[in-house]
Structure formats: structure tokens, C-alpha cells
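**Q** Could you slot chain Y with the ligand onto chain X? The hints should help.
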Amino acid sequence: MSETMLEPHAEEPLDTDLPDGELAKRLATTWGTAGGIIGALSTVDHKIIGRRYILTGFLFLILGGLAAVAMRLQLAVPDNSLIGPDLYNQIFTMHGTTMMFLFGVPIGEALAVYLVPLMVGTRNIAFPRLNAFSYYVYLFGGLMIWVAFALNIGPDNGWFSYVPLAGPEFSPGKRADFWAQLVTFTEVAALAVAVEIVVTVLKLRAPGMTLDRIPLFVWAMFVNAFLIIFAMPAVMLGSTMLILDRLLDTHFFNQAEGGDPLLWQHLFWFFGHPEVYIIFLPGTAFVSAIVATFARRPVFGYPAIVLSLIATGFLSFGLWVHHMFTTGLPQLGATFFTASSMMIAIPTGIQIFCWIGTLWDGKPIYRTPLLFVLGFFFIFVAGGLSGVMLASVPIDTQVHDTYFVVAHFHYVLIGGAVFPLIGAIYYWFPKFTGRMLGERLGRCHFWLAFIGFNVAFFPMHISGLRGMPRRVYTYPAEMGWDTLNLISTLGAALFVVSFLVFIYNVAASARGGDIAGDNPWDAATLEWATTSPPPPHNFDRIPFVTSREPLWAERETLPVVTGLAVDKREVVITTTTEARPDLKESSPDPTVWPFVSAIVVTVIFIATIFTPWALAWGAPAAALVMIAWFWPKSVEEDK
Amino acid sequence: MEHRVVRDLSDLPSYAFGPRMTMWWGTLSFCLLEGTGFALALGGYLYLAFVNPDWPLGPPPPLFWSGIFTLLMLASLVPNFVIERAARGENLFRVRLLLVVMSAAGLLVTGARVMEFAVLPVRWDFNAYGSLLWVILGLHAAHLVTDVVDTVIVTVLMFTRHGFGRRFSDVEDNAFYWNFVVLSWLPTYFVLYWVPRL
Ligand code: HEM
Chain X
0 MSETMLEPHA
10 EEPLDTDLPD
20 GELAKRLATT
30 WGTAGGIIGA
40 LSTVDHKIIG
50 RRYILTGFLF
60 LILGGLAAVA
70 MRLQLAVPDN
80 SLIGPDLYNQ
90 IFTMHGTTMM
100 FLFGVPIGEA
110 LAVYLVPLMV
120 GTRNIAFPRL
130 NAFSYYVYLF
140 GGLMIWVAFA
150 LNIGPDNGWF
160 SYVPLAGPEF
170 SPGKRADFWA
180 QLVTFTEVAA
190 LAVAVEIVVT
200 VLKLRAPGMT
210 LDRIPLFVWA
220 MFVNAFLIIF
230 AMPAVMLGST
240 MLILDRLLDT
250 HFFNQAEGGD
260 PLLWQHLFWF
270 FGHPEVYIIF
280 LPGTAFVSAI
290 VATFARRPVF
300 GYPAIVLSLI
310 ATGFLSFGLW
320 VHHMFTTGLP
330 QLGATFFTAS
340 SMMIAIPTGI
350 QIFCWIGTLW
360 DGKPIYRTPL
370 LFVLGFFFIF
380 VAGGLSGVML
390 ASVPIDTQVH
400 DTYFVVAHFH
410 YVLIGGAVFP
420 LIGAIYYWFP
430 KFTGRMLGER
440 LGRCHFWLAF
450 IGFNVAFFPM
460 HISGLRGMPR
470 RVYTYPAEMG
480 WDTLNLISTL
490 GAALFVVSFL
500 VFIYNVAASA
510 RGGDIAGDNP
520 WDAATLEWAT
530 TSPPPPHNFD
540 RIPFVTSREP
550 LWAERETLPV
560 VTGLAVDKRE
570 VVITTTTEAR
580 PDLKESSPDP
590 TVWPFVSAIV
600 VTVIFIATIF
610 TPWALAWGAP
620 AAALVMIAWF
630 WPKSVEEDK
Chain Y
0 MEHRVVRDLS
10 DLPSYAFGPR
20 MTMWWGTLSF
30 CLLEGTGFAL
40 ALGGYLYLAF
50 VNPDWPLGPP
60 PPLFWSGIFT
70 LLMLASLVPN
80 FVIERAARGE
90 NLFRVRLLLV
100 VMSAAGLLVT
110 GARVMEFAVL
120 PVRWDFNAYG
130 SLLWVILGLH
140 AAHLVTDVVD
150 TVIVTVLMFT
160 RHGFGRRFSD
170 VEDNAFYWNF
180 VVLSWLPTYF
190 VLYWVPRL
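Sequences listed follow chains X and Y, in order.
The first sequence begins at 0 in numbering that gives the first Met the number 0 and counts up one residue at a time.
The second sequence begins at 0 in numbering that gives the first Met the number 0 and counts up one residue at a time.
Chain X with its partners taken away, still in its complex shape:
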């Protein structure tokens, strides 16, 4: 291709020197990913890593879902002996752990990794090598826990692994250690992505994208990243203390030697409650994007939504104690935390009003993504209502640890995260693959999922009120819970069928779906300004943003900036608030070292389960590979 090259700038051609077609080709070469296995492992393209992140997240959703199916089969009839108590303990722990740590948190970040750089109009995420590293750490951590489960050393203390049950005295063996290390893996990965998102949003926005022009999707992901940054260190600290108590005989949670099991609960829920919002905020991101596009108008109350997101972020840290109401807190404390538990309903309510107002005032087009959003409204609000009930201490005391709680959090989690997520996949699949998902199958998927979900989980409210405790592997027939449980299981089966329809739709459409074109939904945000799927460099020229809905404001031509290098990776850095162009920073090239580093870290994390010395001999190895990663490969990078 170099024979047709025009050469006014002898050493460093700029995009101004090339005709359009040539420019696209040259940029794609510069930003491309090499072929072969080494190339694949070295890639730093946020779209490729993002795609892997998304697929891996869904893989874990399926694994966690299969664990749920096993539980529902066991509970379908009373006195069932399909699964014994020990295995059941492992299965519900694996289900909860997988859903929260390996699906809930990573899937939101996964979509952010793919979409945020496109939406802010840049060519790669900030710190792309860290991004690659994060993905491998996440993948290896998830594989580790499932392999451990397959070897019958899966964790069995529930997804919050309470001490003293999970402590050295009552959980000998390695099960709880695998759980603690899984947490370390996933938190390292999640924190890395959070930092990338924060910096991408602050510094890599396209020129002209001032703070009040940032898409709501990006705002939600940005606030979410902060939640991760402030919440995750708590559980990392907690799980480290837990594993030290178990392996090195420390006494953080040992009452006899001055420790306190409640310290675990505080640390865990300091993370655990924001965790619910960490799972939910990406859901709001998807909803805001989908509602605007399908209502055919900008989201009503942009400033109100942004402020609500920020308020949710702050308030979510005031809530952790409500998981501990039954531990006997001081009266005043309990009152305070009840109030703040109820208060967080306000910003969430404001957002829902804004979305409904948008649909009200717009001309809604009821395509599959919007259907899933409507399903979200219904289910999430129902979950919120049972949540407000639980925020009152007397009710919580009654139904604590019953199926009422199981019903509540599945309404919130599946309603708040899974329904918007499925809507998001229908919405962005054309961008990811260049093809549309089947609309008719999509509707079928929606109704099966909506009905299946409610049939599965609504009866759990009642079985809970009738006293059925959670985490029991079976129940006697005399309790009168059998019909309700059978209905739940049938509903769950329907829900599973809906996912089979989805998988079929994805597989069939990826090959034979309608060709999407750049902007099949006529949406307003920048990811639709480029081809589907986007080229390695995302945009041939960096967009210049003039409005909150750039593609609706500029229907004829897209304003762009020029002057970037063609033969080396360069991104435009803008100022944090006004997004004035400030620098052209170089962006890292592909390298295999993040992958190697992730392997070394994995070996260290797993080995420490068996000997603390792993840390001693592992640290120098880790230091060496990190040096190899960071050491500049050419003088080019120093400029």
C-alpha cells in the first residue's frame, strides 16, 4: 500500500496529507492487531478486549445460571435427594459468587470498555495495556474458582463468606481460601478498569465535549468507576484478612484474641451495598441510551439525571449497615441507616421519572431494546417496593434470611441489571458485529423472559412470608411450600428457555442477520458515527462535538479535527472540563507482557493458597515482568 503514498511530511505523515480511502487504510494498519496467537494475546484494542470481556461475562452468567437451574431442580419437590447438603452449599455459593463477582460487576465494565472510548470519540481507552492485563486476570480468576468447584473444593459459605463460619475453625480445607483469592482476582481486574474509565472520560473526550455534553451512558459509567474505586478496596482488605486468619494464624476475626467477626461484616458490606449500585448503574447507562434513541428525543432532565447518579454514588456508602440490622446495632444507628436506606429511593425515583417523561413526550418506537427497558421498569420498581419494606427494621427482622429476601434481590438484580443488559445487547449488537439481531425472535425472547422471570420469582415472596428460609437444600412436605416451589422451578425453566432463544438469535444473526450500516437506529451518540463494526482506529478523524446529541445536531456532515499522525498511535488529550484540545499523546502499542504478567500474578495468587512463601519468591518475578512491560521498546515512545 505504500506505493500510492503521498509524502509531503517526509518522516511523520499526518492525516491532512492523505486522501480519505488511503487514510483509513493506513490508520487501520497502525492501530491494527497482528494475526496469530501472539498477536491475539498482545492486542490492546479496547474493542477486542471489550468483546472478550463481554463474552466472558456471559459465559459466567451461563455457568451461574446452570447452578441456579440445579438448585431449582433440587427444590422443585419436597424431600428431594437429587443434590446433597454439601454440594448444595457449594452450588448456591458458586451461584451467588459467580453472579456478583464474575458477571454483575465485570459485565457493566465490559460494555464500558467497548463503548466509552467510542462514545467520547477517541481511538483507544486510557492505559490499554492495563486493560488487557485486567481482562486476563479476570478470566484466570474465574477459571480458577470453577476448576476448584469441579474438583470439589468450591467455596461453600455463601457469597459473603461470613466469619466465623468461613474462618479457620469451622471451615478447614481450602474452599474458603479459593473464595478469598477469587475476590482478590476480580477486584484487581475491576479496579484497573475503573481507573481506565475515569481517565478516559476525564482526558480523552473529543474536542468540544464539555462536561454537560457527556452522554448519560458515559456519566453513569464514570460514577460507577468511582464507586468501584471507593468500594472495592474494602472487600480486598477483608478477604486478605480472611485468608491471613486462615493461613498465617492472624486473629482479625477471632473474638478470643481481640478480633471481631463483625469487622468482617462491616468491611464486606462497606463494599457489598455499593456493589448493588455497581451492578445497577451500568443498567441505568443502558436505559438512558436506549430510551433517548427509541423515544426519538433527548432524555428529559439531563442535569437531574446526572445529579441523581452522583447522589446515588454518595448515598450508597451510607447503607452498608442495613445488611446488619439483625446483629443488634445501637438504636440511633439503626434509625439513621433506615433513613438513608429509604433516601436512596429518591435519586433512583427521579431517574425513573425522567425516563418515563422522555417516553411520554417522545414518539416511542417499540423495538426489542425498548421492550427490555419497559420490562426493567416493571420488575425493578417491584423490587424497589419490597426493598423499601425491608429497609424497615421490624419487617427485616421478620423476613431476614427467608425467600422473601431472595425474591427481593433477584427483582432488583435481574430487573435492574439483566433486563437492561439484554436490551443493550439488542441495541449495540449491530455496532459490535455489523448485523442486526432478529426482531421477531427478540420479541419472543422478551415475553418468555418477562413471564418466566415473574413466575419464577414472585412466588418466592410468598414462600418467604410463609417462613421458608434461604440456603436450605430441601424442605419437608408438611411445610406446605411445595406448590410454590414447583411453580418457581417451572418459571425458572421458562426463563432458561428464553435464554436459549437469545443464544440462537445471536448465533444465527451473527452470520445471517440484516446488514446494519453505521447508524441503524438513527441514534445520536458518537459510536454510531463510525462503521459497524468500527475500524481498529475507531474514527478516521476525531469528531468535534458541538452538542449533547452530536449526530442529531449535525445531520449533513460531521465536524472533525485533523493533524494527527498516521503511522504511529496518537490520541487527542483535552482539558478536563471544557474539552479544549491540549496534547497529542502517544498511545501504547500491542505487547504480550500484560498477558505474561497476568499469568505470573495468577500463579502467585493461587500458590499463596498453599504456601505464604509464594509471595516471597513471586514478588521478584512479578517485578521483572512488569519492568519488561513498562520499559520503552523504542525511542519513538519517549517523544
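I should point out that these hints are in silico values taken from the structure, not numbers from a laboratory.
Be careful, since some hints might not be right.
[As the list claims (entries may be wrong)] Pairwise CB distance ranges, derived in the manner of DEER restraints:
id, chain 1, residue 1, chain 2, residue 2, range
1, X, ILE450, Y, PHE49, 46 to 56 Å
2, X, LYS638, Y, LEU96, 17 to 27 Å
3, Y, VAL4, X, PHE629, 31 to 41 Å
4, X, MET342, Y, TYR46, 23 to 33 Å
5, Y, ASN90, X, ASP566, 28 to 38 Å
6, Y, PRO12, X, PRO532, 28 to 38 Å
7, Y, LEU96, X, ALA613, 32 to 42 Å
8, X, GLU635, Y, LEU197, 53 to 63 Å
9, Y, PHE63, X, VAL602, 30 to 40 Å
[Unchecked claim] To give an idea of the interface, some chain X residues facing chain Y are shown, with a C-beta separation under 7 Å as derived from the structure:
id, residue
10, PRO232
11, LEU236
12, PRO558
13, LYS583
14, LYS638
Built from N, CA and C at the ideal position, the CB exists for glycine as well.
**A** Just chain Y with the ligand now, with coordinates in the frame of chain X:
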């Protein structure tokens, strides 16, 4: 979609210093999350101190090595401040000189930290008080060692052919992170060494 060029950025520089660079914000984000970790660890300490009426459950840690450590840390802020200025001025000679000074300072404080571990009055497996002392000091030591290693690497880097351009900005970021290591020590020092003496 057709493009309409509205601005040309050919003349923008390729690097700068401080908050204009992505790395500065990345470093700041890591300081935030690690700072949260420290705050929670110290919170855990105070929580256990609160629920145990006869805290500390052992003698308070001695003041000699920790005092030397703290003084060295504070003193290192001076060359660290000067190095930030030298990096911004892209003064290669001064940067190299001061990096050597900072590397040496880093190794010295690491030595003081090692001595400190040797004289801690309770073992980590004796009681929860010992566990907290060891783990919180260990947490800080991990940050310390990481940044000292990083400083040594940057020092070597600046003596090679890579020592120009945006590497000055890396030097500045390294110095920025050192400030965090020092500042996070002060509350840690107060809680671990002085709270038991109050
Ligand atoms: C396929 C649909 C699902 C079904 C049928 C299902 C079913 C269940 C059941 C029956 C339990 C209670 C186990 C017990 O207490 O004995 C449970 C627990 C749980 N589920 Fe689900 N679930 C599903 C999806 C999800 C999703 C998508 C999430 C999160 C995003 C989730 C998060 C949890 C958590 C955190 C627990 C608590 C685990 C524990 O007690 O440690 N579930 N699930």
C-alpha cells in the same frame, strides 16, 4: 458520514506535565483507591481498639526506628519537591543527580522499615493487635517498596538513551506518587504509634 474539518491540531505538543497528562490522573486514581484501603485498614484498627476495652493488647511499638523512618520520609520530601521542578524544566543533569539521591533515600527508608519489623513487640499470630500492626505496616511497606523499585528503574531509564521528552513527565509522576507514600504514612504512624500511647 461526510467529514467537515473545523480545526487542525498539527501543532499540539506530544507531552506536558502534571494534570495535563493522562498518567497524572491515573496515578491520582491509584492514590485514591490505595488511600481508601489505608483509611479502611486504620478504621479497622480503631474499630477493634474501640470494642476491646483494654487496648492495646500488648506494648505499643517502639519509637526509635519508626522515628528515624518518619524523619527520613519527611526529609525526602525536599529533594522530591526539587526533582519535580527539575523534571518540568527538563534539566537532565539535575534530574539524574536527584534521582540518584531519591533512590538512595528510598533504600535507606526501606532499611529502616526492615529494622522496624524486627523490633515489633507482638507477633502477628499472637493476637488481633499484633495482626493489625503487622498487616498495616506490611501494607505500607508494599507501597514503599513498589515506589522505591519504580524510582530505581526510572533512574536507570534516565541514564539511557531514553532519557528525554515525555520521560521527564514520568519522573514527575514518580515523584508525585512518592508524596502519596509519605503522606499516607503520617496518619498510619499516628494511629499505630501514638493512639496506643494516648
Ligand atoms: C437464572 C435465573 C436465576 C435463578 C433461577 C436464581 C435462583 C436463585 C436461588 C433459588 C437462590 C437461593 C439459593 C438458596 O438460598 O438456597 C439464589 C441465590 C442468589 N442469587 Fe440467584 N438466580 C438467578 C439469577 C441470578 C442473577 C442474575 C443474580 C445476580 C446478578 C443472582 C444473584 C444471587 C445471589 C447473590 C444469591 C445469594 C447466594 C447466597 O445465598 O450466597 N441470581 N438464586
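**Q** Would you mind marking each hint as holding or not holding in the structure?
**A** Hint check:
Taking 46 to 56 Å as the suggested C-beta distance range, the pair ILE450/X and PHE49/Y conforms, at roughly 51 Å. Against the hinted window of 17 to 27 Å, the Cβ-Cβ separation of LYS638/X and LEU96/Y comes to about 24 Å, which satisfies the hint. A C-beta distance of roughly 36 Å is found between VAL4/Y and PHE629/X, which places it inside the suggested range of 31 to 41 Å. For the pair MET342/X and TYR46/Y, the beta carbons lie near 25 Å from each other, so the given range of 23 to 33 Å is met.
Taking the beta carbon of each, ASN90/Y and ASP566/X are about 31 Å apart, inside 28 to 38 Å as hinted. For the hinted restraint 28 to 38 Å between PRO12/Y and PRO532/X, the CB-CB distance of approximately 33 Å keeps it satisfied. Range check, LEU96/Y to ALA613/X: about 39 Å between beta-carbon atoms, so the 32 to 42 Å window is met. Hint check: GLU635/X to LEU197/Y, Cβ distance near 56 Å, so the stated range 53 to 63 Å holds.
At about 39 Å, the beta-carbon gap between PHE63/Y and VAL602/X stays in the expected band of 30 to 40 Å. A least Cβ separation of about 4 Å between PRO232/X and chain Y falls short of the 7 Å threshold, and the interface hint therefore holds. Interface restraint check for LEU236/X: the shortest CB-CB distance to chain Y comes to about 5 Å, inside 7 Å, so the restraint holds. At its closest, the beta carbon of PRO558/X sits 4 Å from a beta carbon of chain Y; the interface hint therefore holds under the 7 Å criterion.
A least Cβ separation of about 5 Å between LYS583/X and chain Y falls short of the 7 Å threshold, and the interface hint therefore holds. Nearest Cβ of chain Y to the Cβ of LYS638/X: about 5 Å, under the 7 Å cut. The hint holds.
Hint compliance for this structure: no hint is broken.
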